[in-house]
Amino acid sequence: MNTQATALRTYLDQVLRQWRLTIFLQGLSIIVAVGVLFIGLSLVADYMVNLTQMIRTILFIACLAILGVVLYRYLILPLRQVPTELQIARYVEERYPELNDAFVSAIEFENQPMEGMRKAFLDKLLAHVSDHTEKIDFRHVVDRKRLHRSEGLAVLALVLLTVFAMQDIDLFGRAAMRLATPWDLSGPLMPTDVSVEPGDIRIPRGGNQTIIARLGGKLLPQARLFSRQENQDEWYPVAMLETEIDGTFTYELTGVVDHTEYYVNTTSTKSPTFKITVYDPPYVDRIDVAYRYPRYTGLAAKTEEDRGDITAPIGTTVTLTITASKPVETGSLTFSNEKKMALETNKVTLTGSFTIREDLSYTINLLDRDNLPNSNPVEYYVRALPDREPRVTIIEPGRDTKASPIDEVLIRAEAEDDFGLSAFSLSYSINGGEEKEINLKGETSRGTVWDGEYMVYLEDLAVQPGDFISYYATASDRRGDQGTTSTDLYFLEVKPFEEIYRQGSGGGGGGGGGGVAGFEPGRLTQRQKEIVSATWRVKRDGKRATAEQTSEDLGAIAEAQDAVRTKAEETMTFMRFQGGMDEEVMKMADILEEALEPMEKASEQLRIASAGKALPLEREALTALMRVDALVREYMIVNASNQMASGAPLDLSDTSELELKDDGNKYETPDQASQAQQQNKTIEESFNRVKELARRQQQLNNQMRQMADSDRQSESERRRELDRLTREQRQLRQQAEEMSRQLSQMSNNPQQQQQRSQGMNQSLDNAMNGLRQGSEEMGKSTQQLQRNNPQQAAGQGSQALQRLEDATQQLQRAQGQSLEQLVRNAVQRADRLATRQEQLSRAVDELKKEEERDFSGVKARIEALSDGRGSLSEGDKGRQVKEFVRKQLRDVVEAKEQTRQELERLRNDLEYLTRRANQEQPQTAEATDRARRSIDDGGLDEKIERSKGLLNSNSLERSARAEQDLEEDLKQLAEQVRTAQESLIMPDQDQLAQAQAQARNAMTDWQNVQRQLDRMNRGIPDQQSLNRLSQDYQQQLQQLQDLSNQTPQNTPQGQQLRDQLNRATALGNEPWKIDRGEWNELHQGISSALLDVHRGIRDQLQNMTERERLHMARDEEVPAKYRDLVNKYYESLSKDNRD
367 MNTQATALRT YLDQVLRQWR LTIFLQGLSI IVAVGVLFIG LSLVADYMVN LTQMIRTILF
427 IACLAILGVV LYRYLILPLR QVPTELQIAR YVEERYPELN DAFVSAIEFE NQPMEGMRKA
487 FLDKLLAHVS DHTEKIDFRH VVDRKRLHRS EGLAVLALVL LTVFAMQDID LFGRAAMRLA
547 TPWDLSGPLM PTDVSVEPGD IRIPRGGNQT IIARLGGKLL PQARLFSRQE NQDEWYPVAM
607 LETEIDGTFT YELTGVVDHT EYYVNTTSTK SPTFKITVYD PPYVDRIDVA YRYPRYTGLA
667 AKTEEDRGDI TAPIGTTVTL TITASKPVET GSLTFSNEKK MALETNKVTL TGSFTIREDL
727 SYTINLLDRD NLPNSNPVEY YVRALPDREP RVTIIEPGRD TKASPIDEVL IRAEAEDDFG
787 LSAFSLSYSI NGGEEKEINL KGETSRGTVW DGEYMVYLED LAVQPGDFIS YYATASDRRG
847 DQGTTSTDLY FLEVKPFEEI YRQGSGGGGG GGGGGVAGFE PGRLTQRQKE IVSATWRVKR
907 DGKRATAEQT SEDLGAIAEA QDAVRTKAEE TMTFMRFQGG MDEEVMKMAD ILEEALEPME
967 KASEQLRIAS AGKALPLERE ALTALMRVDA LVREYMIVNA SNQMASGAPL DLSDTSELEL
1027 KDDGNKYETP DQASQAQQQN KTIEESFNRV KELARRQQQL NNQMRQMADS DRQSESERRR
1087 ELDRLTREQR QLRQQAEEMS RQLSQMSNNP QQQQQRSQGM NQSLDNAMNG LRQGSEEMGK
1147 STQQLQRNNP QQAAGQGSQA LQRLEDATQQ LQRAQGQSLE QLVRNAVQRA DRLATRQEQL
1207 SRAVDELKKE EERDFSGVKA RIEALSDGRG SLSEGDKGRQ VKEFVRKQLR DVVEAKEQTR
1267 QELERLRNDL EYLTRRANQE QPQTAEATDR ARRSIDDGGL DEKIERSKGL LNSNSLERSA
1327 RAEQDLEEDL KQLAEQVRTA QESLIMPDQD QLAQAQAQAR NAMTDWQNVQ RQLDRMNRGI
1387 PDQQSLNRLS QDYQQQLQQL QDLSNQTPQN TPQGQQLRDQ LNRATALGNE PWKIDRGEWN
1447 ELHQGISSAL LDVHRGIRDQ LQNMTERERL HMARDEEVPA KYRDLVNKYY ESLSKDNRD
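For the sequence shown, the working numbering assigns the number 367 to the initial residue and increments by one for each residue that follows.
Derived from the structure by calculation, the hints contain no laboratory data.
Here are the simulated lysine to any residue pairs, SDA-like style, with alpha carbons at most 20 Å apart:
hint, residue 1, residue 2
1, K1215, R1252
2, K1214, K1253
3, K1439, H1449
Just the calculated beta-carbon pair ranges, DEER-fashion:
hint, residue 1, residue 2, range
4, T814, P763, 19 to 29 Å
5, F701, E1051, 21 to 31 Å
6, N1435, E670, 30 to 40 Å
Note that the structure is predicted; figures quoted are calculated from it, not measured.
Where is the CB? At the ideal position from N, CA and C, for every residue including glycine.
Put together the whole structure using the sequences plus the hints.
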């Protein structure tokens, strides 16, 4: 064999080795790929189905069998089929066709013996082949594409298996071992510990029970709860809800009425079976309350059957006799002040006693003989009625009066107490001297109402003109000093008996302001009386007021005393200056000077909060002023023709500016004023809280809509946001429910109901219902959030917002605003409607213009927002444009729904205004009614609904026109409401003064009706007395009706008076036939209404007077005669100095 032949065979060996290596690697790759695929499928099957040991054994055998077949088919068998040299040569020829079968021929004939020419030819052939094969790399002759495909398949299988294994190394190892040794590990692939709460439990029949499952170990994607009632064979499965805590599932069984079994099942694990045992808890079947009243009430003991709520005076001992539904082991009372009291138990009967000290509530807690408690015990209230101080009134004369020195003055007083009186007296003093006390208790004084009278014989008292008698009545209940109260201090002024008129020569000299040297009788005296009365009230009420309040009140009185002293000093100086040599005028000035020192000392005592020491000093000053009054009157009569009126006397009317800090009627004895103020304050606070609640609900609705529109949040971020919104919605609902309960308590309070008008009560009820409905809508919104549906939640939140705004409107009415304020509110609401519609119209018009421009502006904004994230296709732009337009139109539709709701509220406001203004302001009532009719006649509701339909149909051209038309309609409506505001007529000063006087007289006459009825109830009246009382009562009602017509009734006080009159008319014209309780409510209601009307008119009149005074004082000039007198005075002084 020559060298060339050896080289050819070396080439063949290289190709053969490459072929064998390729066959081996290809077979190995196929074996690996098939094995990995089979093992992976087996692992997945075991993971999903939890294969049994038998199946895993079968899979193991099948896996071995398949691997053996693949090994034989793709590795052993190919390696056994070794190709011949010619086959290899032909394969080389196929790979390199340029050899032209020379390589095959050389291999075929190389081993054959040849000689001669054939030998030479073969050598040339070998040389030829050798030349060509030197250029061939026989190490890469074999095609490796199939090898690469097999290797890639094997690598891919190995990568997938590795990724699967890396997910959980322990799980993969356990799964592999389960498949490799199926006879060893017979447990589940993923052993999971299931902890179920509460396990076996007892609950009240019909109650709810939450089942909580906590999974340990390898977690499964879900858990299911299986339950069945007792005596049932079929289990009822339900998927449990996964919570925020990993591996924790929950489900609530509601309304469990029978014994129930349950267990929790996962894919691989089942919990033990537990049992819910239902029981019938004990409950309170009946409560009897026995009352033993304190001695001061004089009330006999009594028992109320089947009643748990308690109302009794403070100090009453109540004994509860409670009947349970079944025998109980123990029982107790739990009070709202966190105190507890054990009850005595005797089978089904429990008893216990306690003394009422304060308002509170209590619940009854029972525990039966199986140690099972009563569920959700009812809360009962305890109302502690305080023993109020007696109410005492001076009936006649009932005001400051004047009398001659020989007159006989009858003083009549009346006292009343909740439970009975022990003392009733009249105290009086002359010129602030020693007080004398007269016992007014008579032989017939019994019950809760006493009356008495005393005749004052002024002649026996030896009083003189200028003297005064101050008097007050005092009443005490059975508590002694703690239950003692007094009336205000009244004055009886003694006037001259004889009036002497002299006709002097030149009898035309009178004029000017009257009085002597500018001192007009009664001006300073009246102010000093007010100071004495105010100090008396502060002293009387000192026990009830705080030290700070008393000091503040006395400080205000001290300022008033200083102002009176200053004016008195100025008047004294001017008297001496203008009186000249007139001895009588100088005498007046000297007496006036006597009043200055006690005034100064009184002011000092007032500033150190010593009302008791200040009173005698104030009375001493008053005595001096009244003496001056008497002298001035006599002087004016005697010297009518020669009085010095030309001196342009000082106008002392400005003393009316003295402020005694009687804001809110501080020194009035009735307590209705403070109660009404507190009630109004509570309503105002509720209005502000509901308004704030509506604002927060609006913010929450916006956040829910933003979340619904957002698609950029991850699942965890979305879940956190949903949880936050859910918590906030729950908080708002709790606040709404709390405010609803507070309004319910206020609305159901009988005492406060009497003080409110019927309209105010109706407004409170409507506000309470609005809050309750709003709370229900908030609950629905919370449920939608829990279901991961923020869009629906926002819709329910909008409904809740509407209910809250309705409640705000009703509370605004309940505040008792004036007609002027109500009209102003309506104007503001109408303006808001017009402004909002203008904005909506502009928004729709902008969308229409964008549509005409093919939304080029919108597309530009979309491209700008998408910058940095790649260019958008036209299809993507179109979809985003549609989404943008859809959101814009949806927002407009939602805003239009708010417009419709606001329009409905405006209609209600206009209806309410029409009723309020119908009698007192007919022009305004007609204007508001015309505006209301324009809403209905113009079909504004239908236009709003039609515009919403056009928006939903995406017809922007028609929508824009509809919005513009609606904008014009709402602007016209706002103008009509503003016209109603311009038609309001405010009362003038004379009307207010007349109404004030009529209200004062009506208050006195109304009290007379009550006194007549009380006297009639204490005896047996004849028919003549009944007829007279009926006639007086009808006249009184007519007088109140006249007052109602003349009073400026754009105020809540006027509305309250009308409501009470309607109530009185409905009860009939025979008051003795009216139920006592209803009469007391009516009497108190009308008294409170009259007091409020009088106070409101007084405040308006004072404000009007102040404005007029300020206006007139701007350009006021000093009178010319007064300037001349002052100049002469200073000239005389200069002459004296020269002398």
